[in-house]
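Participant: Take the given structure of chain A and dock chains B and C to it, following the hints.
Chains as they are written, first to last, in the numbering used here: chain A, 1 to 420; chain B, 1 to 169; chain C, 1 to 259.
Just so you know, these hints were derived from the structure itself, not from any lab. The hints are all genuine.
Examples of chain B residues toward chain A, derived with CB under 7 Å:
no.	residue
1	30
2	31
3	33
4	34
5	36
6	38
7	39
8	40
Mimicking DSS-like on lysine-lysine, the simulated pairs with C-alpha atoms at most 25 Å apart in a straight line are:
no.	chain 1	residue 1	chain 2	residue 2
9	C	115	B	167
10	C	249	A	228
11	B	157	C	111
12	B	67	C	115
13	B	42	C	87
14	C	111	B	167
15	C	66	B	42
Cβ coordinates follow ideal geometry from the N, Cα and C atoms, glycine included.
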Amino acid sequence: MSDHEYTPTSKAGKWFNDRLPLLTLANHLTDYPTPKNLNYWWTFGGILTFCLITQIVTGLTLAMHYIAHADMAFESVEHIMRDVNYGWLIRYIHANGASMFFLAVYIHIFRSLFYGSYKAPREIIWIIGIIIYLLMMAAAFMGYVLPWGQMSFWGATVITNLFSAIPLVGEGIVTWLWGGYSVDNPTLTRFFTLHYLIPFLILGLVVLHIWALHVPGNNNPVGIDVKKPSKDTVPFHPYIVIKDTFALLMFMIVFAFFVFYTPNILGHADNYIEADPLVTPAHIVPEWYLLPFYAILRSVPDKLLGVIAMLSAILILAALPWLDTSKIRSAVFRPLYKQFYWILVADVLILGYVGAMPAEGLYLLVARVATAYYFLHFLVILPVLGLKEKTLPIPLSITEPILGGTANLATARNKESSIK
Amino acid sequence: MSEKKTNRRDFLFTATYAVGAVGVGATVWPMIDQMNPDASVKALASTEVDVSSLTPGKTITVLWRGKPVFIRRRTEDEIADARSVKLDDLKDPEKDEDRAKNPEWLVMLGVCTHLGCVPLNDKGDYNGWFCPCHGSHYDTSGRIRKGPAPTNMEVPKYEFVNANTIKIG
Amino acid sequence: MKNFLRILSLVIVFLATPLSSYAAEKVEYLKTDWSFKGLFGKFDRGALQRGYQVYTEVCASCHSMKYLSYRNLSEKGGPEFTEQQAKAIAASFDVTDGPNSDGEMFTRPGKLSDKFVMPYENVKAAQAANGGAYPPDMSVLVKARGGGVDYIYSLLQGYEDPPVGITLDEGVHYNKYMYGNKIKMSNPLSDGLIEYSDGTNATVEQMSKDVTTFLMWTAEPHLETRHQMGFKAIVYLIILTILVYFSMKRIWSRVETKV
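This is chain A alone, in the form it adopts within the complex:
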């Protein structure tokens, strides 16, 4: 990936670059050949980077005023909301930013599922992504505990209690997590520390994620390999930079609407009640972005199996590059897979819905069916589809679909070598 041609223009630049090739890196990022047919589903990587930086900056500024002690946490958040200059704004950006972060990550993941971005040779990018997603969930869970409201406390109690399902060592692990015999001050202070740490771990993984991406280059909606650089690519700057900026601004308008007009709509009213170990709320619900997994957890009547099901639901994604046996990447040319894809989308939305409902009656039945279907999709449907499905013929180049068959032979390539 070294750019032999690039030499910095100034003497000082050359001196510095010889010692630390940052200018070469910047040049690479600017010139990085990107397929020119990327649609707006590809802008969410940039949007996610914005979300991460937003959370880190607002988080740091909040941490200057927040007090991680059970007796003072709730009050310190009210102090931020009332007295700290722009405190209310920073707090609402951070809280709604978490939701926006997950909204973007789900769109980003579902983009990959549709266009086969997880397939060879991008498996490691995908797996790093799964790890980032897991860390995001951990960070969000711990962050929600920090205001020390009723949902903070009881959500922490329910989720940490899950570890007691582990045979033999479970109880010990829970006590170790709590630092005591129930969720209390030691739990809060360590959650604050870890909540502060994880975003920086995510930042490191994002660097690796992008680095791994830059080896094969981006996938594209047609799912065929693209020669880089060529007529089929554009340099990242300014083409992709401006497009990502446009998409980001649209995203920010939605974000701004939440922050300024409905800042509490995605949250739960009970979290404005101070934590009370003696009173359990009628409905303990996690934030919306964790609901599908909550539904899966509750649909299994056994505690340990429920935990295993919930974890498997996430970890199974890591095996996706191998579960999906299809040689064709993009769902554009996989009409049958496309239908199952949309059914999966509906299934996840249904899981999210029932996750917010009490785990009884019809809701429980639907949750169980939806959970079973989720695993069926990945473990049975995907492997079978790849082998049996009749796919549409894939074009020779990404510009061929518009040029209508008059593919430039110079840019056409062997059909079999499209996916390596």
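Facilitator: Chains B and C in isolation, oriented as in the chain A frame:
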């Protein structure tokens, strides 16, 4: 590309950058301003002290903005002493009349201007204060007379809101 | 684009439903116009000042307001009492301070910088004095209840005789809008209970509306600033989006066959 087209393109990009820069500035400002004193700190920016029980020759120390403030009700002798000092003898020349508008009352920050220790009352060679950390001596007007401190003890903004109450800050 | 809209509508439907799931009682709250709702919503200063009067004269004997400071009463965006008035209000309360040089706690008149004085020392004392039920602190009460202002407004007017077949324990009252219908607080309002200093007729409905407006402010003192800043932010973003859009079109026009 004609002259006109280039200018229009440049204008579009320049305008976009300019509008974008405004947004960046508007976003950065709250992040910086949040570190400024918040409303609860600013509410304690001034404090009122009841000095009705202070007799001449006595000093009290109150906390203001996290620092000690000496309030001394001076005797006639102390006032006379302070007023009789020649400005040439002072390291930091300042008239006592300028430091204590109402000569009976001396209000100043009880912080040594050398390195910040709290000087001791009724000590030192000039009947004022003595700082034990590095040996600075202050007179009955709180002015530095001997020792390493460079300037006189600072007189904050204050006023008598009524005969018994001083508002500092 | 088509798919995006499909998903967006699905998501909105799914998101909207859980949010209303906590109106599990299926009771329609009483409706009224709230001046602070909507994109350009602002507080009615008169309502805030009257609401403060209701809180002080009716509720404050049991309900604390511990996150508010007396200076908030004269700050922009709230009841906007003058600084003199707010100082006088503060001074009418006794605040515990200390320890003094004898090591003892003492009481002194309140200052602007003090937090609202609580009616009880702590939660347990409040429970003991109220038959085991804790009168909740009201600083963020409106945000702490799923039904928000409509719920509080309705509850204050929702006291009625229990329906046939329901018997209540000693000290428990029936309320049409309370979650679970049983509430330990007796009906706090009655027509003419207080005399508004601005002369408004103090009906139960009027007091309910005024005190609920006041509670919306105590929960969200920066609501007006938030709305104003939001309007400017979104207009700004739309302008910038349009500029960036045209820049994008201009840049991409250089590419012959954009997909």
